[in-house]
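Asker: Make a model of the complete structure from these sequences and hints.
Throughout, our numbering is defined as the position within the sequence shown, counted from one, plus 7.
Quick caveat, the hints were computed from the structure, so don't treat them as lab data.
Treat the hints with care, since some could be wrong.
Listed next, with one range per pair, are the computed distances between beta-carbon atoms [to be verified]:
| id | residue 1 | residue 2 | range |
| --- | --- | --- | --- |
| 1 | D135 | D84 | 15 to 23 Å |
| 2 | R153 | P21 | 14 to 22 Å |
| 3 | D53 | A160 | 16 to 24 Å |
| 4 | E128 | G93 | 21 to 29 Å |
| 5 | E168 | E71 | 15 to 23 Å |
| 6 | V38 | E131 | 28 to 36 Å |
| 7 | D175 | D148 | 30 to 38 Å |
| 8 | W113 | E87 | 42 to 50 Å |
| 9 | P21 | E87 | 39 to 47 Å |
| 10 | G74 | D39 | 34 to 42 Å |
| 11 | H143 | D30 | 13 to 21 Å |
| 12 | L57 | R127 | 19 to 27 Å |
| 13 | G103 | R152 | 15 to 23 Å |
It should be emphasised that the depicted structure is a prediction, and the values quoted were computed from it without experimental measurement.
Don't be surprised by glycine CBs; every beta carbon is placed ideally from N, CA and C.
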Amino acid sequence: MSTDQTGQRVEVYPGREVIVEFDPELTFECVDDCTWCCQHGVLLYDRDFLGLAERANLNESTTEFRGHDFVRREEKDRDEHVAEDGAACYFLREDGLCSLHAEHDWKPARCSVFPLAVTREDGELHVDIRDSAHEHCEGLDVSERRVIDELDAFLPEVLWELDNPDSDREL
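Answerer: The structure is reproduced here in structure tokens:
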């Protein structure tokens, strides 16, 4: 690893680096019954849209908002695992698990990225923790799993191929 003025430069895949702008000691692990990240619309990059088409009915499960494709949010008939408006991700099951991940061992890139924020600045990918995650995500600093050591689990290679991988776009 080499360091520059804006953060730590880390090679995630051979020849593919990010500039890490969060505390390298930060840990993250999903915790049972949190589902906070599932309460927002999931941005679908083109490759995700095609992958989702192999696993679900796109007419039922997706929507377009401001020129971007998203997994649809829907009202859920329960009080758990939902946002204040009673809605959550189309694929969030009653038990708090994602049907795409649990039943197909697949998830959109945006779901892998959470709780990170990815931006492209001057042609380079920058990674930080989403501002809202500091307030709502229960999985930060609860384990020994250092984010910086497992960036490949959070950052799918497709992000380097995108002109605009910015992950803060929501419904």
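Asker: If a hint holds in the structure, say so; if it doesn't, say that too.
Answerer: Here's how the hints hold up against the structure:
no., hint, verdict
1, D135 <-> D84: 15 to 23 Å, "violated, 36 Å"
2, R153 <-> P21: 14 to 22 Å, "holds, 21 Å"
3, D53 <-> A160: 16 to 24 Å, "holds, 22 Å"
4, E128 <-> G93: 21 to 29 Å, "violated, 37 Å"
5, E168 <-> E71: 15 to 23 Å, "holds, 22 Å"
6, V38 <-> E131: 28 to 36 Å, "holds, 32 Å"
7, D175 <-> D148: 30 to 38 Å, "violated, 21 Å"
8, W113 <-> E87: 42 to 50 Å, "violated, 24 Å"
9, P21 <-> E87: 39 to 47 Å, "holds, 42 Å"
10, G74 <-> D39: 34 to 42 Å, "holds, 36 Å"
11, H143 <-> D30: 13 to 21 Å, "holds, 18 Å"
12, L57 <-> R127: 19 to 27 Å, "holds, 22 Å"
13, G103 <-> R152: 15 to 23 Å, "holds, 20 Å"
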